[in-house]
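Protein chains: 2
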Amino acid sequence: MNRHPDYLLNEVNEPEDIKGMSLDELKQLAREMRQLVLERDAAIGGHVGPNLGVMELTIAYHYVFNSPHDKVIWDVSHQSYPHKMLTGRKMAFLDPDHYEDISGFTSPEESNHDFFEIGHTSTSIALAVGMAQARDLLNPESTDNVVAVIGDGSLSGGLAFEGLNNAAKLKSNLIIVVNDNQMSIDENQGGLYNGLKELRDTKGQSENNIFKFMGLDYRYIENGNDLQTMINAFKDVKDIDHPIVLHVCTQKGLGYEPAMKEKMAYHWRTPFDLKSGEGKGKSKSESYSDAILTELDRQIDAGVPVVALNSAIPGVFDLKKFQAKHPDRYYDVGIAEQDCISTAVAMAVAGARPVVFQNSTFLQRAYDQLIHDMALNDAPIVMIVRGGTIATESATHQGSFDISMISDLPNIEYLAPTNVEELISMLRWAIKQTDQPVVIRQPEKPLLHGKATQDNYSNIKYDIAHHGSEVAIMAVGDFWELGEKVCAELKKKLNIDATLINPKSLTGIDPEVLHHLAENHDVVVTLEDGNLSGGFGETIDRYYGPKSMKVLNFGAPREFADNVPLEVLYEWYHLTPKQIVDDIEKVIHSL
Amino acid sequence: MNRHPDYLLNEVNEPEDIKGMSLDELKQLAREMRQLVLERDAAIGGHVGPNLGVMELTIAYHYVFNSPHDKVIWDVSHQSYPHKMLTGRKMAFLDPDHYEDISGFTSPEESNHDFFEIGHTSTSIALAVGMAQARDLLNPESTDNVVAVIGDGSLSGGLAFEGLNNAAKLKSNLIIVVNDNQMSIDENQGGLYNGLKELRDTKGQSENNIFKFMGLDYRYIENGNDLQTMINAFKDVKDIDHPIVLHVCTQKGLGYEPAMKEKMAYHWRTPFDLKSGEGKGKSKSESYSDAILTELDRQIDAGVPVVALNSAIPGVFDLKKFQAKHPDRYYDVGIAEQDCISTAVAMAVAGARPVVFQNSTFLQRAYDQLIHDMALNDAPIVMIVRGGTIATESATHQGSFDISMISDLPNIEYLAPTNVEELISMLRWAIKQTDQPVVIRQPEKPLLHGKATQDNYSNIKYDIAHHGSEVAIMAVGDFWELGEKVCAELKKKLNIDATLINPKSLTGIDPEVLHHLAENHDVVVTLEDGNLSGGFGETIDRYYGPKSMKVLNFGAPREFADNVPLEVLYEWYHLTPKQIVDDIEKVIHSL
Numbered sequence: 006m007n008r009h010p011d012y013l014l015n016e017v018n019e020p021e022d023i024k025g026m027s028l029d030e031l032k033q034l035a036r037e038m039r040q041l042v043l044e045r046d047a048a049i050g051g052h053v054g055p056n057l058g059v060m061e062l063t064i065a066y067h068y069v070f071n072s073p074h075d076k077v078i079w080d081v082s083h084q085s086y087p088h089k090m091l092t093g094r095k096m097a098f099l100d101p102d103h104y105e106d107i108s109g110f111t112s113p114e115e116s117n118h119d120f121f122e123i124g125h126t127s128t129s130i131a132l133a134v135g136m137a138q139a140r141d142l143l144n145p146e147s148t149d150n151v152v153a154v155i156g157d158g159s160l161s162g163g164l165a166f167e168g169l170n171n172a173a174k175l176k177s178n179l180i181i182v183v184n185d186n187q188m189s190i191d192e193n194q195g196g197l198y199n200g201l202k203e204l205r206d207t208k209g210q211s212e213n214n215i216f217k218f219m220g221l222d223y224r225y226i227e228n229g230n231d232l233q234t235m236i237n238a239f240k241d242v243k244d245i246d247h248p249i250v251l252h253v254c255t256q257k258g259l260g261y262e263p264a265m266k267e268k269m270a271y272h273w274r275t276p277f278d279l280k281s282g283e284g285k286g287k288s289k290s291e292s293y294s295d296a297i298l299t300e301l302d303r304q305i306d307a308g309v310p311v312v313a314l315n316s317a318i319p320g321v322f323d324l325k326k327f328q329a330k331h332p333d334r335y336y337d338v339g340i341a342e343q344d345c346i347s348t349a350v351a352m353a354v355a356g357a358r359p360v361v362f363q364n365s366t367f368l369q370r371a372y373d374q375l376i377h378d379m380a381l382n383d384a385p386i387v388m389i390v391r392g393g394t395i396a397t398e399s400a401t402h403q404g405s406f407d408i409s410m411i412s413d414l415p416n417i418e419y420l421a422p423t424n425v426e427e428l429i430s431m432l433r434w435a436i437k438q439t440d441q442p443v444v445i446r447q448p449e450k451p452l453l454h455g456k457a458t459q460d461n462y463s464n465i466k467y468d469i470a471h472h473g474s475e476v477a478i479m480a481v482g483d484f485w486e487l488g489e490k491v492c493a494e495l496k497k498k499l500n501i502d503a504t505l506i507n508p509k510s511l512t513g514i515d516p517e518v519l520h521h522l523a524e525n526h527d528v529v530v531t532l533e534d535g536n537l538s539g540g541f542g543e544t545i546d547r548y549y550g551p552k553s554m555k556v557l558n559f560g561a562p563r564e565f566a567d568n569v570p571l572e573v574l575y576e577w578y579h580l581t582p583k584q585i586v587d588d589i590e591k592v593i594h595s596l
Numbered sequence: 006m007n008r009h010p011d012y013l014l015n016e017v018n019e020p021e022d023i024k025g026m027s028l029d030e031l032k033q034l035a036r037e038m039r040q041l042v043l044e045r046d047a048a049i050g051g052h053v054g055p056n057l058g059v060m061e062l063t064i065a066y067h068y069v070f071n072s073p074h075d076k077v078i079w080d081v082s083h084q085s086y087p088h089k090m091l092t093g094r095k096m097a098f099l100d101p102d103h104y105e106d107i108s109g110f111t112s113p114e115e116s117n118h119d120f121f122e123i124g125h126t127s128t129s130i131a132l133a134v135g136m137a138q139a140r141d142l143l144n145p146e147s148t149d150n151v152v153a154v155i156g157d158g159s160l161s162g163g164l165a166f167e168g169l170n171n172a173a174k175l176k177s178n179l180i181i182v183v184n185d186n187q188m189s190i191d192e193n194q195g196g197l198y199n200g201l202k203e204l205r206d207t208k209g210q211s212e213n214n215i216f217k218f219m220g221l222d223y224r225y226i227e228n229g230n231d232l233q234t235m236i237n238a239f240k241d242v243k244d245i246d247h248p249i250v251l252h253v254c255t256q257k258g259l260g261y262e263p264a265m266k267e268k269m270a271y272h273w274r275t276p277f278d279l280k281s282g283e284g285k286g287k288s289k290s291e292s293y294s295d296a297i298l299t300e301l302d303r304q305i306d307a308g309v310p311v312v313a314l315n316s317a318i319p320g321v322f323d324l325k326k327f328q329a330k331h332p333d334r335y336y337d338v339g340i341a342e343q344d345c346i347s348t349a350v351a352m353a354v355a356g357a358r359p360v361v362f363q364n365s366t367f368l369q370r371a372y373d374q375l376i377h378d379m380a381l382n383d384a385p386i387v388m389i390v391r392g393g394t395i396a397t398e399s400a401t402h403q404g405s406f407d408i409s410m411i412s413d414l415p416n417i418e419y420l421a422p423t424n425v426e427e428l429i430s431m432l433r434w435a436i437k438q439t440d441q442p443v444v445i446r447q448p449e450k451p452l453l454h455g456k457a458t459q460d461n462y463s464n465i466k467y468d469i470a471h472h473g474s475e476v477a478i479m480a481v482g483d484f485w486e487l488g489e490k491v492c493a494e495l496k497k498k499l500n501i502d503a504t505l506i507n508p509k510s511l512t513g514i515d516p517e518v519l520h521h522l523a524e525n526h527d528v529v530v531t532l533e534d535g536n537l538s539g540g541f542g543e544t545i546d547r548y549y550g551p552k553s554m555k556v557l558n559f560g561a562p563r564e565f566a567d568n569v570p571l572e573v574l575y576e577w578y579h580l581t582p583k584q585i586v587d588d589i590e591k592v593i594h595s596l
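Chains A and B are the protein sequences, given in the same order. Its first residue numbered 6, the first sequence is counted upward by one per residue in my numbering. Its first residue numbered 6, the second sequence is counted upward by one per residue in my numbering.
Chain A extracted, bound-state conformation (with noise of 0.2 Å):
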C-alpha cells in the first residue's frame, strides 16, 4: 500500500509532469525522495549516500532534458533511484509491496529512460560516446542531448580516461557530469584528486585541468545539491555542439545525517533502523575475512613481508581493521582492478608477500593482467577471491564466471577450501611457496570447521572424506555440504554408499585418485558453486572422456541471472539433493 499517497511524488508519471513544477515544488519532490530512499533502504537495503546525493542533480535533469530523447547514462547506476521515482517507477519506492519490483540499477526491460543494464564502475563515458556518435551517423540532423554521470571516485577506472580521450574526439553534443562528491565507495586513492581539489579549491578556475587538457570545454559547479542552480546548468549546457565536462560538487548521503557522518557504511547498507542509523543484521559471528586477516597477523609478526592489496574494496574483506595495524603494509589503490594486480605482480617479483583481495565480478577487469602479467610471469601473488558464487543479486555483479576465468589460464593454482581450517592451511602454503601464483576462492556459505588434509599444495592429493561405490560425489568449495546431502540422499534414496571428495582445486587435477575411482566407481558427479561453461566440472569430463566412467556435472548454465532467489536458482539448475539423485539414478539405469 502506498505510504504517502498524500506526496506530490504521486501525480508524476512521466518526466514531463515534472516541467510545470514550481522551483519550490520541486524542492518538495526532492525532500519526499529523500524520504523515500530512506525508507526502501532501511527497509531493503541498497545504496544510500549515492542516491541522496544526486536527488537535485536528477531532478532539474527531468526539468531541463527531454527523456528519453535526451539520454542519460549513470555511471554505476547505484544512484539512479531518483531518476526512477521519475520515470514511471515511484511505486517501487512508495509502496512497500512494490520495494522488490525493480532492479537497484538502470534497466531497459524496466523503463525505456533507461539505455543499459549497468553495474560496474566507470563504463557511462565510453558508452555515451557510443550513443553520440551512433546519433551522429543515423540521425545528423538531431539535436538530442547524450549526458553522462560519473562519480569522482569511478573516474580512477582505466575506462573513465580511456573514455574521456575519446570523448574529446567527438565534434558533437556530449555532456560529461563529474559527480563530485569527495569519495569512492570508501575514500579516494590516488594523484587525481590532487587535481579535482585543486579546481575545487579554485572554483574551477585552476589552470591545470585534466579535463581542458585533453581538449574538453569545461564548467565548474559549486553547489550541486542547490536546484536552481542545477536548472541552470543544464540549461545552460542543453543542446551544446561539443563535448563539455560539467564538474559538479554534490555531498554523499546529503539528508540523513548518518549517511554524511559515515560515508562509506552508508555507500551501500543492508537494512538499518531508521531512526537511529544502526543496522538490523545480525551480529556478526566468526568470519572466514577474519580469519584470514588472523592469519597475516601470525605471518607478519614471524617476518614474513606479507603486503595487503585491494581495489577500493576494504570493506568486503574487512581490511580496515589491517590497515589500521599494518598502515605501511595496506595498499587500497582505488578503482583500478588492472593496477592493482600489476604491481602486486612486481611486488611479489621484487621479493614481497602480496595478498590480494579481489571481488569476482571487479577482477573480470584486470583478466589480461591475470594473463600477461600475474601468469605469465609466475609471479608468486597469493589472491583472495570472494563472490566466487552462482549469483543471486543484481546480474551487473554476476561472480559466477571466477572458475572459468582463473583456472583455464596457465600456472596458476585455484584453491577452493570447503572450511576455515582448510583455508588457512592453504593459505599459509600460499604464502610460503614461491613458485606460482595461488588463487583462493573464499567460501560465501556460513562458516564450516573440519580439517586440512595435506598442508602442501604443490601436488593437489584429492582427501576422499568417504570411500563407497558405485557412485563418487566431487563436490568443491562451498558445494561441499550439497555433497554431503546428496550422499545422504543417495543412501536412503537408492541404497548407494557414495564415495564423498573434496578436490580442493579447481585447476590441478589428481590422475591417480581418478584413476583409482574406476575400479568400483560407475558414475562421478562434479558439484560446484559457479558456471559449468570452463568450470570444473569439465575438467573432469575431459580426464573421462575416453574411458568407460559416466560424469554427471552440477552447476550454473551459461547464462545471467537477474535477482532470483538462491532457491528458486537452485531449483532451476537442478541442484537441489533431490535433483541431483533423481538425475544420476537415470544415469545408473541406463547403465
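Calculated directly from the structure, the hints in this document are not laboratory data. Watch out, some of these pointers could steer you wrong.
Given that identical chains are not distinguished, each listed pair holds provided it fits within a single copy or across any two copies.
Here are the simulated lysine-lysine pairs, DSS-like style, with alpha carbons at most 27 Å apart [unchecked claim]: (1) K202 to K217; (2) K437 to K456; (3) K280 to K24; (4) K280 to K490; (5) K176 to K325; (6) K326 to K176; (7) K330 to K174; (8) K174 to K325; (9) K326 to K174; (10) K208 to K24; (11) K174 to K217; (12) K591 to K552; (13) K450 to K326; (14) K552 to K497; (15) K285 to K497.
Once you've looked at the hints, dock chain B against the given chain A.
What follows is chain B alone, placed relative to chain A:
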C-alpha cells in the same frame, strides 16, 4: 659469425663497460647499435622504429644508472633491443647465427637486467610502482632507482592512467620516462594528445599539465635523441626522493629514412631489404581480411549502418582501406580495448551496426566489457577476432585463450568459419540479426574456399561433410584441414571410414547431430586450434559425460609456449594426423 668484429660494442659485456666511455665513443655505440637493429630486423623481422628512437635514451640510462640495482621497466618492451645489446646479449645482434637466441621482449630468463616478461602495453608504471613499494618495504635504506619507460601511445591505455594515479601516492624514488615520439603503432588517438602537444609546443612550460595535475613532479626534455642531453637529464633525476615524470621527445625510426617516413609500417616489420626498405615477403594473395572489407562495402552500399571500430591495430585488418572509403564510419579509439567494446555496445544499442576488429591477445583487456557491457546487454555487436590460434610467437602475445574467454560467456555466439564463403555467410547473418553479440574467429591459416551450409546461425546445424561410422571427427575453424587429414589417416591406417563434421560454432552445440552420432559411432574426436581448458572440446565432453560415447580432445594444454615453431608445438601437443590417429587407436582398442 660476428659480422662486425671491429665494433666498439664488442667490448661491452655489462652496462658498467660503457661507464668509462667518452661521449664520442657513446655516440659511436649508438651508430653501431642502430645499424645492428636494422640488420637484424631486415633479416628476421622485428620492431624497427621503437628501437631506433630510444637509442640515446638507452645508452644514457645505462651510462648513468647502475643496472640491475637500478631497475628499468620498458613498457611493451618492444623497444628493448638496445637495452639487450648493453646487457650481455650483443651477440644476438652481431652474429646472425645468434639472432634467434633472444626474444623480442624483456625476459628475466635471458638476463638479470630484465625483470618481467612484457609484451602488452601500458603496464610499466603499475609495475614500477610495485617495484618501488617492495623496495621501500623490504629495504627502506635502499637508494636504488626504479624507472619506467612508457611511450606516448601506451598512455592512452587505461592501466597507464591507473598507474600514474597510484604513482602519485609514492613518497620515494620513481622515475617515469614518457617517451613521446608522437606516435602509437599508428597515429595517436584522442584528447590526451592535444595536451601532450601543448606541452611540447611550450617546451613543457604550459600550466596545464596532466602529470602535475596528478601531483607528480615533471621535467621536459626537448631532444631525447641527443646523448649528452639525456645523460644530463638522467643525472639530474637519479636518486630523486619522489616520483617524477621525465617527458622526453624522441623521433621514432631515427637514423633510417624509410622508418622515419613510414612510421606505422616500420613499427614492426617482417624481413626487408635494408637498402631500399622494401619488404621481402611474397606479394599478398587473397585474404580473409579483404573478403570481410568487401562485404562491409557491400553492406554500406545497401544502406546498412555499419561502422568499424578497432583499438590501434588497423594494420592487422587492413582497415586503412576501410577508413579511406568510409572515413565517417571508421573509429580507432587508440590503445583502449575496454573503451572500444563499451562504445561499440552503445552504438549497437542505439541502432548502428558496429563491427569490432580485435586481436585475441589484446581483447583480453576488455574481458569485463565482454561480460558486463556486451553480453549482459545482449548488444548486437559483430566482432572479428584474429590471432585466436595456438601460439608460435612470443608467449606475451599468445592468442589461444580466446575460446575460453568468449565462448564460456552467456548470450554470445562465437563462430569459427572453415573457409571464406562460410566466413562471409556468417558475417552477413551477424550483421543482419540484432538479437545478440556475434563474434567470428577469423582463420589464420592460408585461405580456403568452400561453401556455407546454412545462412542463419541462430540455431547451429553441424555440417556433416562426410557420413561415416565408428569415429566422428569434429574439426573446428582453422583445424578443418587437419580434420580431413585425420580422416584420411584413419582410412589408411585403420580402414575406418570416419565421419567428418564442421561444428561452425565454439559455443552452441547441435544436440540432434550429437545424439544421432551415438547410433553408429563409438568415438568422437574434437580438434581445436586453441586451449583445451574451457574450450570447445570440453563442451562436447560435458554433453557426452553421462553417455557411453568416448570423447578425445585435441588442442593446446594449459601452458604458455614461447617462440616454439609450429611444427614442434604440434608434435608436443599430439596434433599431427599420425599422433591423433594413434591416440584414437588406443581408445578403440580399449572399447
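Results of checking the hints against the structure:
1. K202 to K217: Cα proximity of K202 and K217: in one copy and across copies (16 Å, 13 Å).
2. K437 to K456: The answer is within: 19 Å in one copy meets 27 Å, while 57 Å across copies does not.
3. K280 to K24: So K280 and K24 fail the 27 Å test inside a copy (33 Å) and across (72 Å) alike.
4. K280 to K490: neither (43 Å within a copy, 76 Å between copies)
5. K176 to K325: between (45 Å within a copy, 22 Å between copies)
6. K326 to K176: between (49 Å within a copy, 23 Å between copies)
7. K330 to K174: So K330 and K174 pass the 27 Å test across copies only (20 Å; inside, 47 Å).
8. K174 to K325: between (41 Å within a copy, 18 Å between copies)
9. K326 to K174: This pair counts as between: shortest inter-copy Cα distance 21 Å, intra-copy 45 Å.
10. K208 to K24: Answer is neither: 30 Å inside a copy and 51 Å across each miss the 27 Å cutoff.
11. K174 to K217: Both. Shortest intra-copy (13 Å) and inter-copy (23 Å) distances satisfy the 27 Å Cα cut-off.
12. K591 to K552: Close inside one copy (20 Å) and across copies (11 Å); limit 27 Å.
13. K450 to K326: within (22 Å within a copy, 55 Å between copies)
14. K552 to K497: between (29 Å within a copy, 25 Å between copies)
15. K285 to K497: neither (40 Å within a copy, 74 Å between copies)
Hint compliance for this structure: hints 3, 4, 10 and 15 are not met, and every other hint is.
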